[in-house]
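Undergrad: Chain by chain, the residues:
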Amino acid sequence: MKRAFIFVAILLTLMAPLASSESGQALIENANSFDGKTVTFRGEAIGVMIRGDYAWVNILDGDYAIGVWCRAENAKKVSIIGDYGHVGDTVEMTGTFHLACTEHGGDLDIHADNFTIVAQGRDVDRSADMRVVALSVALLAVAIIVVFYSWRIRNEKQKIMPWPSY
Amino acid sequence: MERRRSGLRAFLKKNFDFITGILSEVGLTAVIMVVAFIICVMLVLIKSMI
Amino acid sequence: MIPALTREDFKVIGFNLCRIGNILGFLLLVPIIVAVIYREFDIVPHFIIASSITFILCNVGIHFLKTDKKMEVKHALCLAAVAWIFCMMLAAIPLWSTRTTGSYLDANFETMSGFTTTGLSLAQGLDHLPYSINFYRHFLQFVGGIGIIVVSLMILSKSEMSSVLAFKGEAREMGIRPNIVRSSRIILGIALTFMVIGAVLFSVVAIGEGANIGTSIFDGVNYSMAAFSTGGFAPHSQNILFYHSTLYEIVALVIFLIGSFNFTFHYAVLSGKRREIFKNIEIKTMFIVLMLSTLVISGLLLYFNVYPSASILFRKAFFQAASAQTTTGFGTVYPAQIAGIWPSAVLFMMSIIMVIGACANSTGGGIKAIRIGIIVKSFFREVKKALSPGSAVVTEKFHHIEDTPLTDTIARGAMLIALGYIILFVVGTTATVLCGYNASSSMYETGSAVGNVGLSSGITSPAMPVPLKITYIFLMWAGRLEIMAVLVLMGFVILALRKGVRRR
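Residue numbers (our numbering), protein chains in the order written: chain A, -16 to 149; chain B, 798 to 847; chain C, 2 to 505.
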């Protein structure tokens, strides 16, 4: 009986991270109903700003990003920030959601109690499309010819007739 | 050092109007913000008294 | 009687359009510098393609459209209207080819929003955009902001209705082109000065708030371009909220408030006429409208318990009101919160101040503070006339760089343009409601498009109906050009269809 109880407790603890997290869209569009409540939020780190013992980590979920206020040592765990060349670390946190945080000037934010890096970020391969490169070279060549030709004609006509000026 | 100081002084003198103009415009925006903040403070005070 | 159009009329417009296009061709190469710095070599060909197409079209156009005919006011007004559309379509190429937007129409929406310094955005994945593309979006706003000052001072002011916009302090009437070249340099100089000051301030504050140096400088330059041009584009999906910093927002306030001032006001103050700050009708009008709107909006938000303290009201209510009135569009509140949590009365108030707009001859949009001031003074004049004896001569004047008598022509011009904006607002709101959106959000979004603001209640998105996207492109375009240039262009087209086009 005791072993069964311990087994279930361990299983529940392991399953906790899999508990459903709220999406950024749900949090922002239903901010009133989440205000002051504990929420779980997961997304990609797209910005980190260390401010003394604490830090802001901006987390992006789909098209919605929310600022998370957490301890600086947690924020320092974020190794890759999401941008054009990188997918940022996936972060999951649990904390108190604020519709208009009085501590942070009325911002919509989450004060994190737990903060975990769920998955490491990675580089994104952004190699050039050779068809686009070929097209750009071809068009550039045509443009240079047209501009040069146009400039030459203008210069020759300038000798015969001045350029209109008004 | 002396040459650098006199160079800066000449630049400031020549562009006095331009520099003070920029400072004046920034000052104007500061006044706007201060008045707006005072309005916010007054509103909160009025609400707390009601 | 209006004479029939000739081929030369179209050639004058086309020829100068192609010359403007050549400038655009060079501007399309500028983001390549950013692409090289950030090693985005996959993006470079897209800008080369756009620039090459522009140069090819424009140089062929210059060759075939060259004419000796002198540019008149009617040509200049049409040119101003057509140039925005022409540049919009060419500048959209890199955004479409890099899949920054879902379709070519969305890319046109984005570039029109950029050039008109509106700030409504259909770009997807803002936080993962290439740095060069992100820079390009903000650069479009900076170029558009300078462009509209030049157009407003040099072209729009030539019509009798908007003569109050004419550049004061320059006694010579040298024709259009020489004035454009000389004045553009002055405008560019002043704009670059404030842009650099803004970039430095933003970067320093961001570094102080814990952001890394590279991000701080990149964001600083972009936010400064968007702030001074009262554009409102941001390099992050959270807009200015990305930094969670009151100081950052104060820097933004300083720069975009300055960007919303009249260029002739800048010229006067920077030339030593500092008393203009206290006497100028536009500064006084803007100040009064902004303080009244702050009072009403803060009062309503406090009454409905949305925000409880003065500092929060300053950051949210005042910032949003200032962002709306200067037609900037930076947001410290998520659009979904504005639509879902802010009271409808606040949205209505914001819609009004968005349409009222910033100062004339600035990067801002809307009816313009000078016209509001003139309309209010006109009412005072009429009341004075009614209360005075029949034989009395009642005059009114206003101060804009110099004391100017308030004539019937000036009053009529101001009221006509204001009426034009109101008509655009009603048409836009109706179109939005017909697409299924609620009334208060529709008014807010339409006010934002017509006033070239950029604040959104969530309606502007890639999922917007196509007819609404086209409507908003039209609203941004017409609003930017104060309607007149668009109407003259329509008149041109109707005249050509009715009377045909003569050879000479």
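Think of the hints as simulated: they come from the structure by calculation, not from any bench.
Treat the numbers as computed from the prediction; the structure is a model and nothing was measured.
Each residue gets a CB set at the ideal place from its N, CA and C atoms; glycine is no exception.
A portion of the hints provided could be inaccurate.
To be verified - Using 25 Å as the maximum straight-line C-alpha spacing, the simulated PhoX-like pairs for lysine-lysine come out as follows:
(1) Lys274(C) / Lys810(B)
(2) Lys75(C) / Lys811(B)
(3) Lys12(C) / Lys71(C)
(4) Lys500(C) / Lys71(C)
(5) Lys71(C) / Lys142(A)
(6) Lys378(C) / Lys75(C)
(7) Lys142(A) / Lys67(C)
(8) Lys140(A) / Lys385(C)
(9) Lys142(A) / Lys12(C)
(10) Lys385(C) / Lys398(C)
(11) Lys378(C) / Lys285(C)
(12) Lys140(A) / Lys12(C)
(13) Lys280(C) / Lys140(A)
(14) Lys385(C) / Lys12(C)
(15) Lys142(A) / Lys70(C)
As the list claims (entries may be wrong) - Distance ranges between label pairs, derived from CB positions:
(16) Ala111(A) / Val182(C): 34 to 40 Å
(17) Tyr132(A) / Pro466(C): 42 to 48 Å
(18) Ile816(B) / Ala387(C): 47 to 53 Å
(19) Thr410(C) / Gln8(A): 50 to 56 Å
Undergrad: It remains to establish, for every hint, whether it holds in the given structure.
TA: How the hints compare with the structure:
| no. | hint | verdict |
| --- | --- | --- |
| 1 | Lys274(C) / Lys810(B) | holds (17 Å) |
| 2 | Lys75(C) / Lys811(B) | violated (42 Å) |
| 3 | Lys12(C) / Lys71(C) | holds (11 Å) |
| 4 | Lys500(C) / Lys71(C) | holds (22 Å) |
| 5 | Lys71(C) / Lys142(A) | holds (21 Å) |
| 6 | Lys378(C) / Lys75(C) | violated (30 Å) |
| 7 | Lys142(A) / Lys67(C) | holds (16 Å) |
| 8 | Lys140(A) / Lys385(C) | violated (63 Å) |
| 9 | Lys142(A) / Lys12(C) | holds (23 Å) |
| 10 | Lys385(C) / Lys398(C) | holds (13 Å) |
| 11 | Lys378(C) / Lys285(C) | holds (13 Å) |
| 12 | Lys140(A) / Lys12(C) | holds (18 Å) |
| 13 | Lys280(C) / Lys140(A) | violated (53 Å) |
| 14 | Lys385(C) / Lys12(C) | violated (50 Å) |
| 15 | Lys142(A) / Lys70(C) | holds (20 Å) |
| 16 | Ala111(A) / Val182(C): 34 to 40 Å | holds (39 Å) |
| 17 | Tyr132(A) / Pro466(C): 42 to 48 Å | holds (45 Å) |
| 18 | Ile816(B) / Ala387(C): 47 to 53 Å | holds (49 Å) |
| 19 | Thr410(C) / Gln8(A): 50 to 56 Å | holds (53 Å) |
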